[in-house]
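Going down the list, the protein sequences come from chains A and B.
Each number in the numbering used here comes from the position in the first sequence (counting from 1) with 61 added on.
Each number in the numbering used here comes from the position in the second sequence (counting from 1) with 61 added on.
None of these hints come from the bench; they were simulated from the model.
Incorrect hints may appear among the rest.
A pair counts as met if it fits within one copy or between any two copies, since identical chains are not told apart.
Simulated crosslink set (EDC-like; lysine to aspartate or glutamate; CA at most 16 Å straight-line) [said to hold, decoys possible]:
| hint | residue 1 | residue 2 |
| --- | --- | --- |
| 1 | K481 | E158 |
| 2 | K415 | D211 |
| 3 | K481 | D121 |
There are 2 protein chains.
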Amino acid sequence: MPKTPLRGNALILQSGGPTAVINQSLAGVMSAAGDYTDVISTVFGAVHGLHGLLYENFIDLSAESPLAWQDIANTPGAALGSARLKPKRSDLDRVFEVFFAHNIKFVFYNGGNDSAEAAQLIREEANARSYEIQILHIPKTIDNDLMETDHCPGYGSVARVVSHIIAGDDLDNRSFYNGVKINVCMGRHAGWIAAATALAKRGVLDCNDPSICAPHLVYLPEVPFQETKFLDDVQRCYDKIGRATIVVAEGIADHLSAKGASFTGEKDEFGNAQLSGTSGLGDHLSSLVKKNLKVKAELGKLRVRADTWGYLQRSLPGMPSPTDQAEAFWVGAMAVRYMMQGESDKMVTLLRVKAPGGGYRCETGLCDLALVAQKTKLMPPAMVNAQGNGVTEDFFEYVMPLASFLPTVRTLRGHGVSRKLPEYHRPE
Amino acid sequence: MPKTPLRGNALILQSGGPTAVINQSLAGVMSAAGDYTDVISTVFGAVHGLHGLLYENFIDLSAESPLAWQDIANTPGAALGSARLKPKRSDLDRVFEVFFAHNIKFVFYNGGNDSAEAAQLIREEANARSYEIQILHIPKTIDNDLMETDHCPGYGSVARVVSHIIAGDDLDNRSFYNGVKINVCMGRHAGWIAAATALAKRGVLDCNDPSICAPHLVYLPEVPFQETKFLDDVQRCYDKIGRATIVVAEGIADHLSAKGASFTGEKDEFGNAQLSGTSGLGDHLSSLVKKNLKVKAELGKLRVRADTWGYLQRSLPGMPSPTDQAEAFWVGAMAVRYMMQGESDKMVTLLRVKAPGGGYRCETGLCDLALVAQKTKLMPPAMVNAQGNGVTEDFFEYVMPLASFLPTVRTLRGHGVSRKLPEYHRPE
Numbered sequence: 062m063p064k065t066p067l068r069g070n071a072l073i074l075q076s077g078g079p080t081a082v083i084n085q086s087l088a089g090v091m092s093a094a095g096d097y098t099d100v101i102s103t104v105f106g107a108v109h110g111l112h113g114l115l116y117e118n119f120i121d122l123s124a125e126s127p128l129a130w131q132d133i134a135n136t137p138g139a140a141l142g143s144a145r146l147k148p149k150r151s152d153l154d155r156v157f158e159v160f161f162a163h164n165i166k167f168v169f170y171n172g173g174n175d176s177a178e179a180a181q182l183i184r185e186e187a188n189a190r191s192y193e194i195q196i197l198h199i200p201k202t203i204d205n206d207l208m209e210t211d212h213c214p215g216y217g218s219v220a221r222v223v224s225h226i227i228a229g230d231d232l233d234n235r236s237f238y239n240g241v242k243i244n245v246c247m248g249r250h251a252g253w254i255a256a257a258t259a260l261a262k263r264g265v266l267d268c269n270d271p272s273i274c275a276p277h278l279v280y281l282p283e284v285p286f287q288e289t290k291f292l293d294d295v296q297r298c299y300d301k302i303g304r305a306t307i308v309v310a311e312g313i314a315d316h317l318s319a320k321g322a323s324f325t326g327e328k329d330e331f332g333n334a335q336l337s338g339t340s341g342l343g344d345h346l347s348s349l350v351k352k353n354l355k356v357k358a359e360l361g362k363l364r365v366r367a368d369t370w371g372y373l374q375r376s377l378p379g380m381p382s383p384t385d386q387a388e389a390f391w392v393g394a395m396a397v398r399y400m401m402q403g404e405s406d407k408m409v410t411l412l413r414v415k416a417p418g419g420g421y422r423c424e425t426g427l428c429d430l431a432l433v434a435q436k437t438k439l440m441p442p443a444m445v446n447a448q449g450n451g452v453t454e455d456f457f458e459y460v461m462p463l464a465s466f467l468p469t470v471r472t473l474r475g476h477g478v479s480r481k482l483p484e485y486h487r488p489e
Numbered sequence: 062m063p064k065t066p067l068r069g070n071a072l073i074l075q076s077g078g079p080t081a082v083i084n085q086s087l088a089g090v091m092s093a094a095g096d097y098t099d100v101i102s103t104v105f106g107a108v109h110g111l112h113g114l115l116y117e118n119f120i121d122l123s124a125e126s127p128l129a130w131q132d133i134a135n136t137p138g139a140a141l142g143s144a145r146l147k148p149k150r151s152d153l154d155r156v157f158e159v160f161f162a163h164n165i166k167f168v169f170y171n172g173g174n175d176s177a178e179a180a181q182l183i184r185e186e187a188n189a190r191s192y193e194i195q196i197l198h199i200p201k202t203i204d205n206d207l208m209e210t211d212h213c214p215g216y217g218s219v220a221r222v223v224s225h226i227i228a229g230d231d232l233d234n235r236s237f238y239n240g241v242k243i244n245v246c247m248g249r250h251a252g253w254i255a256a257a258t259a260l261a262k263r264g265v266l267d268c269n270d271p272s273i274c275a276p277h278l279v280y281l282p283e284v285p286f287q288e289t290k291f292l293d294d295v296q297r298c299y300d301k302i303g304r305a306t307i308v309v310a311e312g313i314a315d316h317l318s319a320k321g322a323s324f325t326g327e328k329d330e331f332g333n334a335q336l337s338g339t340s341g342l343g344d345h346l347s348s349l350v351k352k353n354l355k356v357k358a359e360l361g362k363l364r365v366r367a368d369t370w371g372y373l374q375r376s377l378p379g380m381p382s383p384t385d386q387a388e389a390f391w392v393g394a395m396a397v398r399y400m401m402q403g404e405s406d407k408m409v410t411l412l413r414v415k416a417p418g419g420g421y422r423c424e425t426g427l428c429d430l431a432l433v434a435q436k437t438k439l440m441p442p443a444m445v446n447a448q449g450n451g452v453t454e455d456f457f458e459y460v461m462p463l464a465s466f467l468p469t470v471r472t473l474r475g476h477g478v479s480r481k482l483p484e485y486h487r488p489e
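Generate coordinates for the entire structure from the input sequences, incorporating the hints supplied.
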């Protein structure tokens with residue numbers, strides 16, 4: 062039996078790293094809120110999340126042109142502005158002054174596990190103050206590391222982007238000989254993004270043996286990173302196919318830092334060290350390989366390169382996953398509908414259900430904020446291969462529908478031509 | 062009056078850095094060669110360019126499945142394998158032994174100004190030996206720096222990719238406050254790729270003032286890079302809009318190296334220093350900004366990040382320019398047709414012509430190899446703005462049809478909400 066919702070204005074905050082589909086959720090909220098103007102008078106947006114809330118910097122989202130929302134939804138980056146700010150105890154008086162001044166009765170907090178924690182803190186304070194307010198958390202993170210939801214809006218699109226990058230990167234790498242290419246992708250604690258690059262293995266049209274398709278080696282933060290093991294893996298791959306196209310999650314820098322190396326930058330208010338926008342890890346692994354790999358002399362000089370993909374993983378326009386777009390919109394719209402059923406203090410979740418035909422289908426649900434706040438969903442062991450350098454079939458089944466597209470490529474069969482001359486020994 | 066072509070087998074080589082459409086040219090050659098099987102008996106591919114030629118490592122391209130070519134054409138990376146190898150005088154005996162052994166009468170050299178030089182060397186040697194052979198060069202380079210052609214196949218696709226990256230990158234950067242984001246793109250001597258990011262200015266649906274659209278500052282190798290000027294530019298941009306999204310071509314590292322800094326890596330056989338796959342330049346500029354930018358205290362901590370895009374610029378599947386794809390195929394096909402007219406010792410060019418309706422149109426032409434070999438087409442002064450940190454309208458007119466697509470994005474209009482409370486001073 063549905064509870065009765067409050068009446069008043071709504072506030073939406075975007076928090077943490079943006080995604081390619083974060084504005085889909087914003088558009089979803091606006092679309093659904095338009096059906097309840099008798100209950101939700103105005104939807105305000107906090108400019109730069111908690112920053113906008115504290116400094117009373119709001120915009121009136123109800124005043125945006127209704128015709129603009131589809132384009133806004135398709136635009137990456139946080140349209141409202143995001144923040145990496147944690148509410149302090151001393152901020153709470155101000156938070157509730159602002160809520161009261163603007164008659165805020167509904168809060169939509171769109172973010173990751175840090176913002177779930179912030180939402181929870183505001184909830185507890187509202188109870189202590191007997192301020193009536195409904196708060197729902199809308200999941201968003203490319204990291205895909207929120208508990209209780211099958212996956213997070215934002216992840217499917219980054220999965221599509223990184224799998225395309227690695228498919229192309231291996232084609233680029235194999236264009237030369239003796240290439241070891243190291244790619245550093247995002248993912249501090251969880252390896253979901255690095256793992257998603259494995260999708261590139263499935264789009265190679267002329268490949269009968271996925272084991273030789275890139276990525277050849279994938280290193281996840283879930284598996285303790287050991288330099289000797291890494292070098293053995295690279296050597297084995299190189300000996301087998303003459304090259305290696307490698308993906309490492311940036312989070313493995315922490316494994317190396319624990320042993321004395323230093324790659325990390327600034328820290329935010331949640332204590333998270335900056336790992337992106339700097340490239341020490343790639344350079345470090347690159348120089349390890351250069352120093353240690355035993356190269357076949359006849360193939361010429363070793364070619365080692367490292368790229369750190371940086372922010373484009375989460376911000377590239379033009380390559381979202383349509384499934385991800387639809388789901389991000391949907392969790393925003395459902396947050397409004399749940400709110401109108403009187404729900405509060407929960408996060409909207411995506412639950413994968415058995416579709417009749419065996420295909421992919423999700424429903425939405427709700428879970429307690431406390432189950433999400435400050436928690437991180439790592440990749441389960443069943444999705445990591447026994448060697449700790451790749452993924453299993455379980456992971457492919459999980460990720461394929463989320464990314465929507467495989468990067469499809471085809472190379473030459475390469476029908477050999479008989480040699481007619483003696484071997485060539487090139488003069489020095 | 063057309064000359065008579067020779068008769069025999071053809072050899073195609075891919076050379077230098079691959080592109081997203083290099084295999085379109087290969088497919089174009091194969092498509093057209095299929096019309097002249099009485100003249101061109103078999104088309105061989107040299108595996109890894111000159112390497113395959115010297116070591117007699119050929120594949121029989123005529124034996125590939127005809128149905129596979131469309132997928133191969135759409136696949137980035139050099140399907141044949143590329144090389145960065147320069148023929149030495151001492152290699153030439155071997156080159157002609159191989160030509161003779163396989164009855165090679167037609168050579169298609171697909172590459173940049175380095176391979177035009179290699180093609181020219183082989184030509185001169187053929188004349189000296191009275192070995193009858195026709196050689197045509199098919200242009201290919203993301204750098205867009207070949208003389209005599211309006212533009213180079215490969216460039217339009219990289220223009221599309223980098224403009225999308227920068228459109229998304231600025232949305233990501235503006236999601237936070239006080240963000241200075243530095244992006245290092247490819248381009249050693251010429252700034253064509255860096256310049257192409259300016260396309261992102263034209264796809265912002267809600268922007269009446271392109272001067273505030275990203276990229277805000279673009280640094281080209283054509284303009285001597287000065288750190289003080291750079292810092293002044295960044296400060297002015299930051300003072301005006303509270304952030305800066307910046308693009309620098311990797312080639313400006315040379316300007317800094319000349320003053321004692323060190324960013325470059327290995328050198329190839331053409332003497333080109335490795336600039337990609339390492340990120341010293343971004344880190345250097347990043348630390349310059351961190352040390353020198355005067356930040357408005359009320360906006361909080363400065364956030365400086367640097368990304369070096371690396372190889373994905375030229376290898377990303379799924380985001381080619383359709384114009385670039387069609388033209389890359391076309392120059393390959395036309396190379397065969399010119400060959401069949403008895404042409405040799407030339408490069409196929411793209412010539413922009415006035416289309417009747419004023420739209421974009423190209424024709425193909427031919428130019429002497431000597432006009433291309435070892436030469437670099439820089440951006441003309443008319444395409445660089447007076448401040449030396451951006452592009453002019455002339456450049457937009459030039460580049461828009463090549464990329465085929467603008468990255469279209471839309472942000473919120475942001476209707477302000479009146480404040481009801483006194484200013485907040487956040488406790489430390």
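Taking the numbered hints from earlier one at a time, note which ones the structure violates and give those numbers from smallest to largest. Violated hints: none at all, because every hint is consistent with the structure.
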